[in-house]
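Asker: Protein chains in written order, with the UniProt record's numbering: chain W, 1 to 229; chain C, 1 to 229.
Just so you know, the hints here were simulated from the structure itself, not pulled from any lab data. Warning: the hint list may mix true and false statements.
Here are the simulated EDC-like pairs of lysine to aspartate or glutamate, each with C-alpha atoms no more than 16 angstroms apart in a straight line [unchecked claim]:
(1) C:Lys135 to C:Glu68
(2) W:Lys135 to W:Glu68
(3) W:Lys91 to W:Glu68
(4) C:Lys32 to C:Glu204
(5) W:Lys29 to C:Glu122
(6) W:Lys32 to C:Glu122
(7) W:Lys32 to W:Glu199
(8) C:Lys32 to W:Glu122
(9) C:Lys29 to W:Glu122
(10) C:Lys32 to C:Asp196
(11) W:Lys109 to W:Glu68
(12) W:Lys91 to W:Glu207
This one's a predicted model, so the numbers in the text were calculated from it and none came from an experiment.
There are 2 protein chains.
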Amino acid sequence: MAGGGPRYEKLEKAPIDPESLLLDVRKEKIDKVISQRTRTFTIVLDRLEDSFNMAAVMRTCEANGLQEVHVIINPAAPFMPNSRVAQGCDKWLDVKIYRDFDSCRAALKARGFSLYASAIREDATSLYTMRFDSKVALIFGNERDGVSPEVLAGSDGTFWIPMRGFSQSLNISAAASACVTRAISWREEHLGRVGDLTEGEAQELRERFYVLAVKQRKKIFKKAPPSSP
Amino acid sequence: MAGGGPRYEKLEKAPIDPESLLLDVRKEKIDKVISQRTRTFTIVLDRLEDSFNMAAVMRTCEANGLQEVHVIINPAAPFMPNSRVAQGCDKWLDVKIYRDFDSCRAALKARGFSLYASAIREDATSLYTMRFDSKVALIFGNERDGVSPEVLAGSDGTFWIPMRGFSQSLNISAAASACVTRAISWREEHLGRVGDLTEGEAQELRERFYVLAVKQRKKIFKKAPPSSP
Numbered sequence: 001m002a003g004g005g006p007r008y009e010k011l012e013k014a015p016i017d018p019e020s021l022l023l024d025v026r027k028e029k030i031d032k033v034i035s036q037r038t039r040t041f042t043i044v045l046d047r048l049e050d051s052f053n054m055a056a057v058m059r060t061c062e063a064n065g066l067q068e069v070h071v072i073i074n075p076a077a078p079f080m081p082n083s084r085v086a087q088g089c090d091k092w093l094d095v096k097i098y099r100d101f102d103s104c105r106a107a108l109k110a111r112g113f114s115l116y117a118s119a120i121r122e123d124a125t126s127l128y129t130m131r132f133d134s135k136v137a138l139i140f141g142n143e144r145d146g147v148s149p150e151v152l153a154g155s156d157g158t159f160w161i162p163m164r165g166f167s168q169s170l171n172i173s174a175a176a177s178a179c180v181t182r183a184i185s186w187r188e189e190h191l192g193r194v195g196d197l198t199e200g201e202a203q204e205l206r207e208r209f210y211v212l213a214v215k216q217r218k219k220i221f222k223k224a225p226p227s228s229p
Numbered sequence: 001m002a003g004g005g006p007r008y009e010k011l012e013k014a015p016i017d018p019e020s021l022l023l024d025v026r027k028e029k030i031d032k033v034i035s036q037r038t039r040t041f042t043i044v045l046d047r048l049e050d051s052f053n054m055a056a057v058m059r060t061c062e063a064n065g066l067q068e069v070h071v072i073i074n075p076a077a078p079f080m081p082n083s084r085v086a087q088g089c090d091k092w093l094d095v096k097i098y099r100d101f102d103s104c105r106a107a108l109k110a111r112g113f114s115l116y117a118s119a120i121r122e123d124a125t126s127l128y129t130m131r132f133d134s135k136v137a138l139i140f141g142n143e144r145d146g147v148s149p150e151v152l153a154g155s156d157g158t159f160w161i162p163m164r165g166f167s168q169s170l171n172i173s174a175a176a177s178a179c180v181t182r183a184i185s186w187r188e189e190h191l192g193r194v195g196d197l198t199e200g201e202a203q204e205l206r207e208r209f210y211v212l213a214v215k216q217r218k219k220i221f222k223k224a225p226p227s228s229p
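The shape of chain W in the complex, shown without the other chains:
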């Protein structure tokens, strides 16, 4: 039963329009990022264990316009990218987590991706002869063990960054950077563009990024000291 006090009508909350809360310069930045975004080149991290590497790779991907990073979790090491290195870039990414390679492979194959596993051996395809004009996912393996046998068996091929010294491999953050920058600059040079979202994908991302940017702005305002009169 209701009590005897006065009955107020509920104030209807005005729906928030994130766009109206952002400065034009911020919206322009978001639109520019979206114009250079891709969902047709991506990387897969197969059971990494080092949080510095996880973070550095994600930052490399975000900075180069990749929207997606696919992660096969390592049962022995949680996927916890070092936040000092990641610098919050992960909120702008789709980080897709899989329990095993099979589910990752199925998801990417269903979308038409070719999968290439990083393998340190001279019969692997050189990164520098690869083409990036179709959907490609590059798979990087665990820091010590490399990619798993299932990954090798389930991929469309292997690739490597030609090693020209005594070191037999690169650190994974270095290897991923070499590959991501190569793929993106290859697209710029051969296709004349790097971003390739459909209009629908771009619109969906724009709405998400506007909301994220408003949240980020609120956080910044909360952190700022009260302004003097």
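Got chain W; can you put chain C on it based on the hints?
Answerer: Positioned in the frame of chain W, the structure of chain C alone reads:
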């Protein structure tokens, strides 16, 4: 005065010929590495502070055929590359240490290098439009502060890896890898070769590497458990 004991003639030590102590397969590896080595493309690390980054960058350089890495020390952080990441690659490199940028600049300019400082700004030259057919040194700055004002003032120009996302920079191990692999693959594609030592430089390095390889072999033998009969 000599004592009264017997006088043995000194056994003359036979001069060691490192070449005779190495397997052919090891010598072939060394010769192959030397054929892909360069002293005309290098990088300069300006007061780095993170031992992981120092190590990852050195490994990237060694693995891509750079013989030299130039290091301006950070008074607040000793140059101590993380050994787990470096994996001993530094013994195959010439790591040149300088107290300040002026001495580094003087040494490289005297040899005809152009110096380009990494700077995160859109008016810097894109890495992807740079040519690498002359002597080029790329300078990377401190993780937090970037390159110093003296470096900016004393360089021949600035360059950047185009940033296409919200992240405003790459981790330095990722940035150096993007640049080193770009320069080396550019040379392979445009000049048809990556190594460019003179015959004299190659011979000097061959002798050094043979000696290093013998030392490494001795270490490996010492470590190995006694073989069973």
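Asker: It remains to establish, for every hint, whether it holds in the given structure.
Answerer: Hint check:
no.	hint	result
1	C:Lys135 to C:Glu68	holds (12 angstroms)
2	W:Lys135 to W:Glu68	holds (12 angstroms)
3	W:Lys91 to W:Glu68	holds (11 angstroms)
4	C:Lys32 to C:Glu204	holds (15 angstroms)
5	W:Lys29 to C:Glu122	holds (14 angstroms)
6	W:Lys32 to C:Glu122	holds (14 angstroms)
7	W:Lys32 to W:Glu199	holds (14 angstroms)
8	C:Lys32 to W:Glu122	holds (14 angstroms)
9	C:Lys29 to W:Glu122	holds (14 angstroms)
10	C:Lys32 to C:Asp196	holds (12 angstroms)
11	W:Lys109 to W:Glu68	holds (15 angstroms)
12	W:Lys91 to W:Glu207	holds (14 angstroms)
Hint check: no violations occur; every hint is consistent with the structure.
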